[in-house]
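For the protein sequence lines, the chains are A and B, in the order given. Note that this note's numbering gives residue 435 to position 435 of the first sequence, counting from 1, and the numbers run on in steps of one. Note that this note's numbering gives residue 158 to position 158 of the second sequence, counting from 1, and the numbers run on in steps of one.
Treat the hints with care, as some may be off.
Output of the computed footprint for chain A on chain B, the stretches with three or more beta carbons under 8 Å from beta carbons of chain A [as the list claims (entries may be wrong)]:
1. 149-162
2. 216-222
Simulated pairs of lysine to any residue, SDA-like, Cα-Cα distance not exceeding 20 Å [to be verified]:
3. A:Lys264 x B:Gly233
4. A:Lys157 x B:Lys240
5. A:Lys435 x B:Phe139
6. B:Lys36 x B:Lys18
7. A:Lys444 x B:Asn70
8. B:Lys240 x A:Ala259
9. A:Lys159 x A:Lys256
10. A:Lys441 x B:Val143
11. B:Lys58 x A:Glu415
12. A:Lys444 x B:Glu244
13. A:Lys264 x A:Asp284
14. A:Lys256 x B:Phe139
15. A:Lys444 x B:Lys123
16. B:Lys236 x A:Ala259
17. B:Lys265 x A:Leu488
18. A:Lys264 x B:Gln96
19. A:Lys159 x B:Lys237
20. A:Lys438 x B:Glu264
21. A:Lys252 x B:Glu244
22. A:Lys264 x B:Glu244
23. A:Lys444 x B:Ser129
None of these hints come from the bench; they were simulated from the model. Using N, Cα and C, we set each Cβ at its ideal position, and we do this for glycine too.
The residues making up each chain are set out below.
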Amino acid sequence: MATTEKILDFNSVWEYSPAPESTDHIKLDDKYDLFINGEFVAPKNGKYFRTENPATGKKIAKVAEASKADVDNAVRAARTAYNKYWSKMPAKERSKYIFRIARIMQERSRELSVIESLDGGKPIRESRDIDIPLSAAHFFYYAGWADKLEYAFPGRKTKPLGVAGQIIPWNFPLLMAAWKIAPALATGNTVVLKPAETTPLTAMKLAEIIQEADLPPGVVNIITGAGETGRAIVNHPGLDKIAFTGSTVVGKYIQKTLAGTGKKYSLELGGKAANIIFEEADIDQAVEGIINAIFFNQGHVCCAGSRLLIQEGIADEVVHKLKNRMETLIIGDPLDKNTDIGAINSKAQLKRINELVSAGIDEGGTVYQPNCTLPNSGYWFKPTLFTEVSQSHRIVQEEIFGPVLAIQTFRTVDEAIEKANNTPYGLSGGVWTDKGSKIFKVTKQINAGIIWANTFNKFDPTSPFGGYKESGMGREGGLHGLLPYVELI
Amino acid sequence: MKKRLDVLKTYKIYIGGKFPRTESGRYYLLEGKDKKPIANICRGSRKDFRNSVVAARKAFPEWSGRTAYNRGQILYRIAEMLEGRREQFVSELKVQGDSTTKAEKEVNISIDRLIYYAGWTDKYIQIFSSVNPVASPHFNFSVPEPTGVVAVIAPEESGLLGLISVIAPVIAGGNSCVVLASHSKPLCAVSFSEVLHSSDLPGGVVNMLTGIRSELLDNFSTHMDVNAVIYCGDDKKESKRIMENSSLNVKRPHIINTRDWTKEKAQDPYQILDTQEIKTTWHPIGI
């Protein structure tokens, strides 16, 4: 029986030499101002906040905190840019500007990757191979749409909305900026974007790139700040649209606030995805997929496969293999090329993860963590899995946004689907089986916007992303990602 | 004095394929132009609405699971049944104050509108789907799927055509719905439920309530098992309220301002898309 086998002790046998990515080629300032109307300007009230490296807890730079007055200036700049340049420019020229941004991002990808890992704590392997290339690809994809919009919506023409306010989270800082800015520009809108307060640096680098690309001033404005700045954007009467990615709580606040204002909105909110593994699945492949589903980016992923549903007959084997695989995960310096799991993004997020994991233990869940050591400074959390949990447990219902997997079992296909759908969320889901017809039955019945069959956490600019139910509305990416930024006429 | 006494019709609500009276026992009196009573109309309650949502949720898996072809056939069947009972609808519209010409036109366009959407059921998916050329060895495609249970506050000014124009795209797309009929022109809504009932549409796919809009507005927009809400009308306060309430469970709110429902512009597949979700599926390519 698999269960009686010992958990392998990889750490005593395998030792990796450090392989840190060099930081000497990156250029970081001590202080970052707001990017408004094509220039970097100091915040009106002179306030700055610090952004730190979550792997060390040390300050990297100070960053401007935009007040209401700054938001106002940014919105005004975006409006002027919309009226004066962007709405008047031939679409093919607009397109070429966006292509240009994509190209410069590719050229500076090494620098962007390192800064992304420094500021956000994610492994360099991920920022280098996923975040940054996908960000550039996103601009490249939407650049081509700018002068082809008449083919996007049969029977209708499109009109830009005007000025979009965009608020993004800290889990994929540059990628989320790309997801927001690229389709907005391609469809002819101008933007005011606010990156998250813990990860503003690559957005400010993007501002430099936009300056370098010589975009007309004010077409893209990037202003930094925390919740108050976000609130000022949401409530600003001069905006035509709000695009938000973040928590469901804030998403609901935005939806409520915008009621009756005539502003359009698109929301990409939380998730609690179920990964379903059936008996006939290729188990080794599925185990890799489950690991990637929950531990990718420290679990700071709205579409993370944070629930695992295993068919009863293979439950012991799968859990055993998962535990073994977890022993081999390398946790540590995000800049080390061997690192699998980096730092938790912030102190606040670490606190939330700790809180929910404690709740999981209090409610009777059985916790498992691999035998690994964590760095002394910075914010860290061991990859964790829970067994003996049920549908009503907080760790099964609530989004943890950390490397914590809750495991349940099921007997029949119907039970798996019912459990998978028993959540107010509906962002993503996973299905593991070698039976093709079953894939189509199950993927059809899961109420979620993205379903991965025999894979997980794959992203592409051509592939629409977004949720059902309380996971939000509207899609980002692909042809469908144009719709939230246009009016059909 | 007439030789034979008319048999008056009791106008009831339609929930889960049955025609109950409102559980509240309340009614309102519908009067004609001359202030003569036309009928006692059910004044639907919160409980009626909740029961309807339960019925709609129960009907959803079956209806959304029907083939597109079958849904098209049923919508066509609804049009056929309406055509067969056109005289009744013309006379109800006239009782509510329309001229014969106007009433006949409204019934004609209503029938045609159903046929329009019957024809879309197996086409809108093709129009709004995509196969996405991802830069990795995966087969990736996106298709629209019905949102789920839709609460519909139907147009006040257009008791038959407005009603059909709003609910046809909802059910053509595989959703189930709970509808609040026009308060001042409710007769056709109730009779249309009878048409639906005899058209092979599974019970619970459309649930029809009559009542007072201001009283039911919050119920329609706060229920946690409703996925989208369509509000027809121009009252800014009401539409704002609908949108605010929608945020409770991130309902998709759609506000449809008063329009001329007789125009061809009042119909298009994008209205089906309003109550659809796009699902993207990834599948690896390999051996």
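Practice problem: Quickly compare the C-alpha distance for A:Lys159 and A:Lys256 to 20 Å and report which way the hint goes. | Solution: violated (26 Å)
Quiz item: Taking 20 Å as the top limit, are the C-alpha atoms of A:Lys264 and B:Gln96 close enough?
Solution: violated (38 Å)
Self-check item: Outcome, coverage hint (the region 216-222 of chain B, chain A; C-beta under 8 Å; three residues)
Solution: That given contact is violated, which follows from only 0 residues of the region 216-222 of chain B lying within Cβ reach (below 8 Å) of chain A.
Practice problem: Count residues of the region 149-162 of chain B with a Cβ under 8 Å from any Cβ of chain A, then say if the count reaches three. | Solution: Since 0 is below three, the answer is violated.
Exercise. Given the hint that B:Lys58 pairs with A:Glu415, test it: the Cα-Cα distance must not exceed 20 Å.
Key: holds (17 Å)
Quiz item: Within 20 Å, alpha carbon to alpha carbon, are A:Lys159 and B:Lys237?
Solution: Given that 20 Å is the threshold and the Cα spacing comes to 28 Å, the pair is violated.
Quiz item: Are the Cα atoms of A:Lys444 and B:Ser129 separated by 20 Å or less?
Solution: Given pair A:Lys444, B:Ser129 holds - Cα atoms ~14 Å apart, limit 20 Å.
Quiz item: Taking 20 Å as the top limit, are the C-alpha atoms of B:Lys240 and A:Ala259 close enough?
Solution: Holds, at roughly 5 Å.
Practice problem: Please work out if A:Lys444 and B:Lys123 have their alpha carbons no farther apart than 20 Å. | Solution: holds (18 Å)
Quiz item: Within 20 Å, alpha carbon to alpha carbon, are B:Lys36 and B:Lys18?
Solution: violated (29 Å)
Quiz item: Is the straight-line distance between the alpha-carbon of A:Lys252 and that of B:Glu244 20 Å or less?
Solution: holds (9 Å)
Self-check item: Hinted pair A:Lys256 and B:Phe139, Cα distance within 20 Å
Solution: Status violated; Cα separation ~38 Å.
Violation of the numbered hints given earlier is confined to hints 1, 2, 4, 6, 9, 12, 13, 14, 18, 19 and 20; the remaining hints are satisfied by the structure.
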